[in-house]
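> Below, each chain spelled out in residue letters.
Protein chains: 6
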Amino acid sequence: MFHHSSKLQYPVRVDKPDPQFAMLLQQAIGGVEGEIRVAMQYFFQAMGARGDDRIRDLLMSTATEELAHIEMLGHAVALNLEGAPVSYQEESAKDPVINAILGGANPRHLLSSGLSAMPVNANGVPFDMSHIYATGNIAADMQANVAAEASGRVLASRLYNWTDDKGMKDFLSFLIARDTYHQQQWLAVIEDMGGLQASLPIPNSTPQEHEATEHSYYFLNTLLDKEAPQGRWSEGPSLDGRSNFSFKQQPEPQGQVPTLGKARPGSGAQKEQL
Amino acid sequence: MFHHSSKLQYPVRVDKPDPQFAMLLQQAIGGVEGEIRVAMQYFFQAMGARGDDRIRDLLMSTATEELAHIEMLGHAVALNLEGAPVSYQEESAKDPVINAILGGANPRHLLSSGLSAMPVNANGVPFDMSHIYATGNIAADMQANVAAEASGRVLASRLYNWTDDKGMKDFLSFLIARDTYHQQQWLAVIEDMGGLQASLPIPNSTPQEHEATEHSYYFLNTLLDKEAPQGRWSEGPSLDGRSNFSFKQQPEPQGQVPTLGKARPGSGAQKEQL
Amino acid sequence: MFHHSSKLQYPVRVDKPDPQFAMLLQQAIGGVEGEIRVAMQYFFQAMGARGDDRIRDLLMSTATEELAHIEMLGHAVALNLEGAPVSYQEESAKDPVINAILGGANPRHLLSSGLSAMPVNANGVPFDMSHIYATGNIAADMQANVAAEASGRVLASRLYNWTDDKGMKDFLSFLIARDTYHQQQWLAVIEDMGGLQASLPIPNSTPQEHEATEHSYYFLNTLLDKEAPQGRWSEGPSLDGRSNFSFKQQPEPQGQVPTLGKARPGSGAQKEQL
Amino acid sequence: MFHHSSKLQYPVRVDKPDPQFAMLLQQAIGGVEGEIRVAMQYFFQAMGARGDDRIRDLLMSTATEELAHIEMLGHAVALNLEGAPVSYQEESAKDPVINAILGGANPRHLLSSGLSAMPVNANGVPFDMSHIYATGNIAADMQANVAAEASGRVLASRLYNWTDDKGMKDFLSFLIARDTYHQQQWLAVIEDMGGLQASLPIPNSTPQEHEATEHSYYFLNTLLDKEAPQGRWSEGPSLDGRSNFSFKQQPEPQGQVPTLGKARPGSGAQKEQL
Amino acid sequence: MFHHSSKLQYPVRVDKPDPQFAMLLQQAIGGVEGEIRVAMQYFFQAMGARGDDRIRDLLMSTATEELAHIEMLGHAVALNLEGAPVSYQEESAKDPVINAILGGANPRHLLSSGLSAMPVNANGVPFDMSHIYATGNIAADMQANVAAEASGRVLASRLYNWTDDKGMKDFLSFLIARDTYHQQQWLAVIEDMGGLQASLPIPNSTPQEHEATEHSYYFLNTLLDKEAPQGRWSEGPSLDGRSNFSFKQQPEPQGQVPTLGKARPGSGAQKEQL
Amino acid sequence: MFHHSSKLQYPVRVDKPDPQFAMLLQQAIGGVEGEIRVAMQYFFQAMGARGDDRIRDLLMSTATEELAHIEMLGHAVALNLEGAPVSYQEESAKDPVINAILGGANPRHLLSSGLSAMPVNANGVPFDMSHIYATGNIAADMQANVAAEASGRVLASRLYNWTDDKGMKDFLSFLIARDTYHQQQWLAVIEDMGGLQASLPIPNSTPQEHEATEHSYYFLNTLLDKEAPQGRWSEGPSLDGRSNFSFKQQPEPQGQVPTLGKARPGSGAQKEQL
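Protein chains in written order, with UniProt numbering: chain A, 1 to 274; chain B, 1 to 274; chain C, 1 to 274; chain D, 1 to 274; chain E, 1 to 274; chain F, 1 to 274.
None of these hints come from the bench; they were simulated from the model. Just so we're clear, the structure is a prediction, and the values are computed from it rather than from any experiment. Each residue gets a CB set at the ideal place from its N, CA and C atoms; glycine is no exception. Misleading hints may appear alongside valid ones.
[To be verified] Calculated cross-link-like contacts (lysine-lysine; reagent style BS3-like; alpha-carbon spacing at most 27 angstroms): (1) LYS262(B) <-> LYS16(A); (2) LYS262(E) <-> LYS7(F); (3) LYS7(A) <-> LYS248(C); (4) LYS166(B) <-> LYS7(B); (5) LYS226(C) <-> LYS226(B); (6) LYS226(F) <-> LYS248(D); (7) LYS169(F) <-> LYS271(D); (8) LYS262(F) <-> LYS226(D); (9) LYS166(D) <-> LYS226(F); (10) LYS7(F) <-> LYS7(E); (11) LYS226(A) <-> LYS262(E).
[As the list claims (entries may be wrong)] Far from chain E, by Cβ distances over 12 angstroms, these chain C residues were calculated: (12) PHE43; (13) VAL77; (14) ASP164; (15) GLY167; (16) GLY195; (17) ASN204; (18) LEU223; (19) ARG232; (20) GLU235; (21) GLY241; (22) VAL257; (23) THR259; (24) LYS262; (25) GLY266.
[Stated by the list, open to error] Between beta-carbon pairs, the in silico distance windows are: (26) GLN197(E) <-> THR259(F): 49 to 57 angstroms; (27) GLN197(B) <-> THR259(E): 24 to 32 angstroms; (28) THR213(B) <-> GLU209(D): 54 to 62 angstroms; (29) ASP53(F) <-> GLN197(E): 44 to 52 angstroms; (30) PRO207(F) <-> GLU82(B): 19 to 27 angstroms; (31) GLN250(B) <-> GLU209(D): 51 to 59 angstroms; (32) ASP164(F) <-> HIS210(D): 41 to 49 angstroms.
Generate the whole structure from the sequences, applying the supplied hints.
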């Protein structure tokens, strides 16, 4: 069960409202790199977690923290929209800079939300829950979580670089810090379970006889006019310790020509296909 | 530029067509764990790749291989739909088992595609390209790719476990093998760039002064009635080697109560809000 | 069956074309507050209406009127796009104001529709039919309709406030008026059926023994650091006349800790979860 | 900021797991009538609330309760999936009843989530955040909330009617009760602000001179072959107390024939259109 | 402006209700081959039509007819759902055939719509308006319309083939007939404008100097291991009468290797990319 | 199976980078008129092709070419984003023209992709695979392909008209040329199969007794106040040679009034509907 306390997790201050930055901040709320995504992803992973109870608690606790991040960002968006014009006649709308409400800003902040945050990204596209990755496999989920936090910290860094508002920079430096930790937190779960080598290949419960292992350790170069790129992926021991990496240059197809033959009568095809 | 050769990458055989399994296989084509996703993800990452050219080649080469996986799965779906009923009157439709065309199978295989594959998942939901993660940050992208291949191999293993068709099992054992390699391939890129520690926190180009580092290394326990779960994430050196992990039990909010005050006249609010 | 007459329901005039306002008007066509939504919502409600035939007629008649609103708005968008630049070289594109075609305007009005209306909102996001709420319960549907018309009139008021075009203001004053009526029309249906008290709780056909009525009339305060807000919702008779409102401060969970135990072999989990 | 306690808000018990019922329950999680929708809707309304602080607290407190409803439903889904087959060969898969995993159940519970809940509806379609209605107008939002809770209680009643599992019936009777209250809670906010008449038309801040009030109080009958349906909506005082209802039979269009003339050169039209 | 008459365009009769067929019929309402699509596509094309007024009238008139098709299909769906079980305990739900409500049928017909039609396809996926193709180019639109009616008639034929209900077969034979006409209607518009040759290439207003015409009339064979398929497309005069068809076997790339160089500082990349 | 060669199909040059044009070009990548659509559409049609093998080869070969078009456009987008500002403080961001990054440009090129292409359209809306039309009927598919290439060439012409960059104009003249050919290529398939008349009505395999042919050749005028528009569609022989065109002025409904009667107990309706 959830509870709420009335203060924000961290102070949110905007020195000079900027409706364009309100639009950019939306990416951190409703973008695929954003906070709705991680809050809901960890929540659904927690609800489906099997095995070590500590992982379930980690997931639920962090989901709960991410809800607080949505809350701070929602407030940051509203503060950046303070004073945005609601009429073409307003002085502010004539100012070529603040005019920005209709150039580079989200018109739906004016039309649809009454100058507050929405669950959409920086293009105004609503977040959709197909981005909640929760497989029931703890290692796959941890990798998905690291990926989410990595793109989240890339985004927060880009927002930090963009703005010159001191309040926003302070707030973003907090989000950057938490994304640093959460990247490491999920990687640390893998460490805690025995380390990367033990967790590979994911799922490590697939019996080796279900796998055509002769195809498991080579890089396939499908480039016709270039040598296979060489690197750690093409030589040395594999990361699961089971084999050695190699590569295949200019591969030949091994399968058949896929032909389906004629269409069946009654299947809606043209007569010429029957 | 791309080219095509007429044979499949690996043989695809179906011993006993099963329209229900055709539906399940769709997840591997048009699901978020599927092959359209990885093909397009690696393709867009390649088109935006900056820095080491070998990574660009790796991405484009593997994108190209994944297109061949879509092709094999598309054929596998069509083969599983051979003989599926197109009329309620057909003997097959009366058979309580094959009747399955309308129970557990995708009715649009009958209605929309003429008994062949579609770019949809196992619920018939079309794939959408918001799932193509390509950030321009090579480490973030590699993590996203590992996550995609991990969920892909989880899916392929579940499909393998479900079916008892020998042709399909053989084909899936090949996909499982390639997913094994591709997980390792993307992890090996991180190794090749100096290893995990060097790549963290992602992006490692964010100057430390942009980060409120006092918030970067602790687990925040938002659980009211439980101790913080302890593990590798709450103690020992951080994975980037910069600090040590710790945890905060029962955190206090540090920010303000977020209040927005009254609505502006002309903003479409109720009079009571002005 | 439907019919069409060639004139618009109400005159639509644009004194000074404005491609930015064309973009804003799209919200009234393809937004969730817009006319496609209400036209289709009333149409599907009408097709599923059971009980009093007058309600079915009301729904179908109003669906038909809303189609005429789409038609007027579509014309208003096209008129606002008259003279928008189709080339960067055009004088109009160099003018920092009309330049707006690429700042605050919808580039797809240029690229995709040939300077006419599209079934998208003010962000260019296409309307999707998941927003057609039609439950088969007449009271639930009426509430959904009031909500739709309320947000519709909020939107029309914001559009009216924004523009200084006299033609557009006249047209919008008509839409505002019809939204006034339609709000009341759907509320009047509830009156006609015996009033709000009789219709609650929706659905009023659910037998009281299907309901844990000890949980039906209190406000649950999940705020840790604030008293429950007091008001009409926390005291006095309930609006269905069956009980009295109260509130619960600082609620305790009543349920169990939800644990799922170990994963099943063959379910694609990591070995550590089995 | 949010917090979590480890127990569920109300006990969740499943006497006989049923993968089909797991699929049906998904509608209450990820459907438009479901709990993600109300949790997020109240959360975003709270973040944008202006005016009376009590309303903001009501919204945030109830958003927090709805998160706990998602949590209970997520557990209910997982419990209903206990023992669902993961292989065609399992005894359970051969049983014509439990076989249901592939007929009437969600194959992605098997393939994608590892037998746990997903943020999708009963068709497996992911929830998308365009359904979060938050206009910044308190009366419009309250109507949207009543509508959401009305459809939510209709859904919970239908789920109650469907199942014969005593545990599930007990759990659903709790959800039905809370939906009863939440319907009334939002209606009570309107009472608290002065009653329905005072809040109409929404937004009540739109000056009457922005409205073509001669069109604000009649029902327009667009039915060619039927008399206008008569009722509370066509006679008597209007619900805002400003006028009287009437109706118009067989309306004539008042506007012009909308013609756009020729296409512009360079606009991508056919020569015949120029 | 639109009007409605109370009777259906054509009689709709269901002899034996079948909830599975209700699900299949949904494809003709809310599928990409369905009636919402053509109604709205012709409506938006009409609103943007420039040039010959007769085409505008054709489009609007046919849009209006298609609305009547939605209405008939909506009734057909509801009739097929008559008597579908609303409770697991009902006799009908125990019958292994009618049980179908949860296998091959749409559970949301039960849960969400109260046993009536929804604006979704046969997988329960809502129609979205991105499928409304209206380019402002009359020839492009006519081709899109022919394509829509072709897939519509394929679908209606498949539905006809599936069902053995005489009422439904009669109704579908009417839809098949109208689709026959509408295919020809749109092709006849091209004839009316001077025939196919005159309309090509679409748009025929593009000046020939905007086109690298040396690339306009050959088939490019990208198949590595097969000869170019020969046919009308590889020899003989081109269909616009301007040139002759040919083909290129084994094409060489003509462009450069696309490289982007290093990432910019401050762009969120890894240090290794700078 | 697919292969890749490292050079682009045609040279791509940008003389003066323009982030706004990068946004416009996205329509040609991820728009419904774009290259992902045709690449995937031809690919899925090829995988489901039945009958003449040459058609399958045509489809697969052209799908492969279209992948190369995505690749060129992706490079064109990245080149147009060279030098776009990543910080508000940059000189370029202060320049009222380049400032355009936040007005008329895609903020996610900055925030999400690291200044490279994304699989989205010019509004930033991701492409979704529901636009892949592949019916299994070769004539329906060819019409859909002609429509796709027609809208594609309209789009390329509009992009050509917009830009004044010589490199981009040269590149677009190549795309325009290939779209010219592909329109004709798919029409030539119909010629090859015996010509348009033979292919109609699509599907031509539907037996005439499945069709209410008395409704197959008339235009239905639903316009109340206008004569039916006259043209090739209302007189002369039908295009399939089976009949003659005519028209119906002011049609009468032939069907019944659709009424559903009362709701069932237990179906979630209001008592008043039972």
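> Compare the structure with each hint and give your call.
Going through the hints against the structure:
1. A distance of roughly 19 angstroms separates the Cα atoms of LYS262(B) and LYS16(A); the hinted pair therefore holds under the 27 angstroms criterion.
2. As the CA atoms of LYS262(E) and LYS7(F) are separated by approximately 19 angstroms, the hinted pair is consistent with the 27 angstroms bound.
3. Under the criterion of a C-alpha separation no larger than 27 angstroms, the hint pairing LYS7(A) with LYS248(C) is consistent with the structure, at around 21 angstroms.
4. Of the pairs offered as hints, the one joining LYS166(B) and LYS7(B) holds, with about 21 angstroms between alpha carbons and a cut-off of 27 angstroms not exceeded.
5. Using a Cα cut-off of 27 angstroms, the hinted pair LYS226(C) and LYS226(B) holds, with the two alpha carbons roughly 22 angstroms apart.
6. For a cut-off of 27 angstroms, the pair hint linking LYS226(F) to LYS248(D) stands: about 23 angstroms separates their Cα positions.
7. Note on LYS169(F) and LYS271(D): the hinted pairing holds, with a Cα-Cα distance of about 22 angstroms set against a maximum of 27 angstroms.
8. A hinted pair counts as satisfied when its Cα atoms are at most 27 angstroms apart, and LYS262(F) with LYS226(D) qualifies at roughly 21 angstroms.
9. For the hint linking LYS166(D) to LYS226(F), the alpha-carbon distance of about 63 angstroms lies beyond 27 angstroms, and the restraint is violated.
10. Proposed proximity of LYS7(F) and LYS7(E) is contradicted: the alpha carbons are some 63 angstroms apart, above 27 angstroms.
11. Pair hint LYS226(A) plus LYS262(E) holds up; C-alpha atoms about 21 angstroms apart against a cutoff of 27 angstroms.
12. With a closest Cβ-Cβ approach of about 7 angstroms to chain E, PHE43(C) is found to fall inside the 12 angstroms limit, against its non-interface label.
13. A beta-carbon of chain E comes within 12 angstroms of the beta-carbon of VAL77(C); the shortest separation is about 8 angstroms.
14. Its beta-carbon lying about 25 angstroms from the closest one in chain E, ASP164(C) satisfies the requirement of being farther than 12 angstroms from that chain.
15. Under the 12 angstroms C-beta cut-off, the non-interface status given to GLY167(C) relative to chain E holds; the minimum distance is some 18 angstroms.
16. The Cβ of GLY195(C) sits about 23 angstroms from the closest Cβ of chain E, beyond the 12 angstroms cut-off, so the non-interface label holds.
17. At roughly 15 angstroms, the least C-beta separation between ASN204(C) and chain E is larger than 12 angstroms, which holds for a residue marked as non-interface.
18. Chain E leaves LEU223(C) outside its interface by the beta-carbon criterion, the shortest separation being 33 angstroms against a cut-off of 12 angstroms.
19. Look at ARG232(C): its CB is around 31 angstroms from the nearest CB on chain E, clear of 12 angstroms, so calling it non-interface holds up.
20. For GLU235(C), the condition that its CB be more than 12 angstroms from all CB atoms of chain E holds, with the nearest at approximately 35 angstroms.
21. A cut-off of 12 angstroms between C-beta atoms confirms that GLY241(C) is not in contact with chain E; the least separation is 26 angstroms.
22. Once the 12 angstroms rule is applied to beta carbons, VAL257(C) is consistent with being away from chain E; the minimum gap is 29 angstroms.
23. At the 12 angstroms boundary, the C-beta of THR259(C) stays outside the reach of chain E, the nearest C-beta of that chain being 28 angstroms off.
24. For LYS262(C), the requirement that its beta carbon stay farther than 12 angstroms from each beta carbon of chain E is met, with the minimum near 29 angstroms.
25. Every CB of chain E lies more than 12 angstroms from the CB of GLY266(C), the least distance being 24 angstroms, so the non-interface label holds.
26. Separation of GLN197(E) from THR259(F) is about 52 angstroms and conforms to the stated range, judged on CB atoms against 49 to 57 angstroms.
27. Roughly 29 angstroms separates the CB atoms of GLN197(B) and THR259(E), a value that falls within the hinted 24 to 32 angstroms.
28. Between THR213(B) and GLU209(D) the Cβ separation comes to about 58 angstroms, which falls inside the hinted range of 54 to 62 angstroms.
29. Range check, ASP53(F) to GLN197(E): about 29 angstroms between beta-carbon atoms, so the 44 to 52 angstroms window is missed.
30. One distance hint, 19 to 27 angstroms for the beta-carbon pair PRO207(F) and GLU82(B), holds here, with the actual separation near 24 angstroms.
31. Taking the beta carbon of each, GLN250(B) and GLU209(D) are about 56 angstroms apart, inside 51 to 59 angstroms as hinted.
32. ASP164(F) and HIS210(D) have their C-beta atoms about 43 angstroms apart, which keeps the hinted 41 to 49 angstroms range intact.
This entry does not satisfy hints 9, 10, 12, 13 and 29, going by the numbered hints stated previously.
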